[in-house]
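Visitor: For reference, the chains in residue letters:
2 protein chains.
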Amino acid sequence: MSTVSINLGSRSYDIRIGRGLLSIPEEITRWVKGKQVFIISNEIVAPLYLDRLKASLDSYEVHELLLPDGEQTKNLENFSLVLDKMLSVPCNRSVTVIALGGGVVGDLAGFVAASYLRGVNLIQVPTTLLSQVDSSVGGKTGVNHELGKNMIGAFYQPKRVLIDTETLCTLDPRQLSSGLAEVIKYGLIADHELFCWLELNMESVLALDPLAIEHVVTRSCINKSKIVEQDELEGGVRALLNLGHTFGHAIETATGYASWLHGEAVATGIMMAAHMSSLYGWLGKKECDRVERLLGKAALPASPFQGIGPAKMLELMQLDKKVQDGQLRLVLLKGLGNASVIEGPDSKYLNATLEYFAGKD
Amino acid sequence: MSTVSINLGSRSYDIRIGRGLLSIPEEITRWVKGKQVFIISNEIVAPLYLDRLKASLDSYEVHELLLPDGEQTKNLENFSLVLDKMLSVPCNRSVTVIALGGGVVGDLAGFVAASYLRGVNLIQVPTTLLSQVDSSVGGKTGVNHELGKNMIGAFYQPKRVLIDTETLCTLDPRQLSSGLAEVIKYGLIADHELFCWLELNMESVLALDPLAIEHVVTRSCINKSKIVEQDELEGGVRALLNLGHTFGHAIETATGYASWLHGEAVATGIMMAAHMSSLYGWLGKKECDRVERLLGKAALPASPFQGIGPAKMLELMQLDKKVQDGQLRLVLLKGLGNASVIEGPDSKYLNATLEYFAGKD
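Chains as they are written, first to last, in this note's numbering: chain Z, 1 to 361; chain Y, 362 to 722.
Honestly, the hints are just simulated from the structure, not real lab data.
Every residue gets a Cβ at the ideal spot worked out from N, C-alpha and C, and that includes glycine.
Hints may contain errors.
[Said to hold, decoys possible] Below are the BS3-like pairs computed for lysine-lysine, each with C-alpha atoms no more than 30 Å apart in a straight line:
#1 Y:Lys520 with Z:Lys226
#2 Z:Lys360 with Z:Lys322
#3 Y:Lys587 with Z:Lys33
#4 Y:Lys587 with Z:Lys159
[Unchecked claim] Okay, the calculated beta carbon distance ranges per label pair:
#5 Y:Asn368 with Z:Cys169: 49 to 57 Å
#6 Y:Pro665 with Z:Arg11: 44 to 52 Å
#7 Z:Leu147 with Y:Gly596: 33 to 41 Å
#8 Z:Asp84 with Y:Ala568: 45 to 53 Å
#9 Y:Thr390 with Z:Gln327: 15 to 23 Å
#10 Y:Glu387 with Z:Leu8: 32 to 40 Å
#11 Z:Arg11 with Y:Glu387: 32 to 40 Å
#12 Z:Lys54 with Y:Asp707: 34 to 42 Å
#13 Y:Thr616 with Z:Leu208: 52 to 60 Å
#14 Z:Arg11 with Y:Lys415: 35 to 43 Å
Given these sequences and hints, build the entire structure.
Guide: In structure tokens, the structure reads:
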């Protein structure tokens, strides 16, 4: 077991990482303030882990709401639906919201916890690799809008993140790979050692070797916590975490959050950023190939794709939250383990990248 | 002109109070960060003051959205509508949201600013007495739910509050009185001197004497700022600001936010709290009469009312945000200028108060 602390003054909290944590009541109950618990989960995760979580909460008044699985669930309608349910209980100000599931459940439940009675206690229990290494940590919550991903939400920190790595055993391999896109991202933006370790150990990770998994999750959380501590509200360095995401979000929005998993879109986006960085002359051909090879090892897409087109991609990228007064901002690579935010990137290189990857309009 | 500072670390800001501030561009533009401004107002206020505000913003890209007037506007549907409009512009992360209007506009616009791209700049330009002395100051934002008032929202501080007291000249007298309920509240919970001043000067206030109005607004903002500085997130002393509000919110919810103005419901709620305090023996008959007389002078209701009934009142009060694990909390008076939060109030006194004021079921 390991613990990663996030130091944010009065909003500080710990991430606990280990096998079987869900079955240890005190790992959870110490962070439940009142008598009421409201668990938000989904129809895939609940049959697997809800009873285990509830068994650890047997002295509380426990309510639950299960949402459909999938990115399409993360919208204002379901936000409103959860609030209706909590108000009809009624849950009071000392209720603790527990998000049991992947990033969709965590983001939606986080925004609900931020908004219900202007903010109640939140515990994140992420059950996918993607949410364990990324979305459950750092306080970004929210929902999608048909005009863009994560457009509506709040920065709202949980009281605790509880990562039971055993939950990965029931995870679909495609979802596991999706999470690895974010792990590879940490290697690329700030942790060259992690990148090299992944090149050597990807098979152990995919085989869910317990030590390899704990290493990957812990190292990712440490990387994320360091960045979030420096820049909680994404005024600066936190933007680096968006490597591959401006491209990736455009892909997800264009395809209705349906056919691509988030990590798959991000993987392709990372490859696009690497390609564009090489056009700038910042990343050598050999390094670019290493990125592509590692993404491939993780069973992630990194090749040109069809069906969106460069013009649509550009239009959707203009909607990105990082656009400042019409100026696009992209995270690009200046080596493996070294990323920079580029304001108003060269449209020649951007267009070439979009045309190479997103095909014809 | 006067300035009241709210010291909340990195979230500190100033409230500017004076006649004609809307027509002084630098009073506004200094707090606009990017090039885009999104003004949220309503159909009553916009014809009166929108052009004046826009004239002060002529070098910016200004967008606007007008909502219907009235408390019924403050709901999740309109929250969603405003976000749709901002995304379709599209507004970027450096947009400044300006709320031009009363408490409904300010609360809704504040929650929109808190949630749009996880938070953008906000300037409050309150145009009613109620919003100038209360809702625009201190960062409480949100919308109502059919099961209760202000149930969904965020604590989100503006960058500036700009109070042009000239806007009160076009205010409906009933709305002016509604604002005075909150002013009287400050006198009752923490400012005995203000209470006595109001007893002597209520006529000048109702006649909109400029000095009297500036005194009332400034003094109210100082009272509120002192409390908010001690307790931004309502963990303790801020609850005192809810004197009369637990009763008042129940009245508003029961009547669908239509027939009663907020301040009218609060005034009756203050009288109910005073009555209940006298049953405890904490407030003498003479003091209770002074409260009733001052509310009457401000043309506010303070008498028993019909149509809800004690059982319904109690049920709705149980939904109050201050309820902790089933335990009702009420703000009661221990003298004029001295209030306390009472946990689990004596049901004998509470029932007697509800039966006296809310009539038969």
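Visitor: It remains to establish, for every hint, whether it holds in the given structure.
Guide: Each hint, compared with the structure:
Simply put, Lys520 of chain Y and Lys226 of chain Z have alpha-carbon atoms about 28 Å apart, close enough for the 30 Å limit, and the pair holds. For the given pair, Lys360 of chain Z sits about 26 Å from Lys322 of chain Z by alpha-carbon distance, which is consistent with the 30 Å threshold. With a CA separation close to 28 Å, the supplied pair Lys587 of chain Y and Lys33 of chain Z stays within the 30 Å bound. For the hint pairing Lys587 of chain Y with Lys159 of chain Z, the CA-to-CA distance comes to about 28 Å; that is within 30 Å, so the pair holds.
Restraint check, Asn368 of chain Y to Cys169 of chain Z: a C-beta distance of roughly 51 Å satisfies the suggested window 49 to 57 Å. For Pro665 of chain Y paired with Arg11 of chain Z, a C-beta distance near 46 Å keeps the hint of 44 to 52 Å intact. Roughly 37 Å separates the CB atoms of Leu147 of chain Z and Gly596 of chain Y, a value that falls within the hinted 33 to 41 Å. Look at Asp84 of chain Z against Ala568 of chain Y: about 46 Å separates their beta carbons, and that is inside 45 to 53 Å.
At about 21 Å, the beta-carbon gap between Thr390 of chain Y and Gln327 of chain Z stays in the expected band of 15 to 23 Å. Remark: the range hint 32 to 40 Å for Glu387 of chain Y to Leu8 of chain Z is upheld by a beta-carbon distance near 35 Å. For the hinted restraint 32 to 40 Å between Arg11 of chain Z and Glu387 of chain Y, the CB-CB distance of approximately 35 Å keeps it satisfied. Lys54 of chain Z and Asp707 of chain Y have their C-beta atoms about 37 Å apart, which keeps the hinted 34 to 42 Å range intact.
Restraint check, Thr616 of chain Y to Leu208 of chain Z: a C-beta distance of roughly 59 Å satisfies the suggested window 52 to 60 Å. Hint check: Arg11 of chain Z to Lys415 of chain Y, Cβ distance near 38 Å, so the stated range 35 to 43 Å holds.
When each numbered hint is compared with the structure, no violation occurs for any of them.
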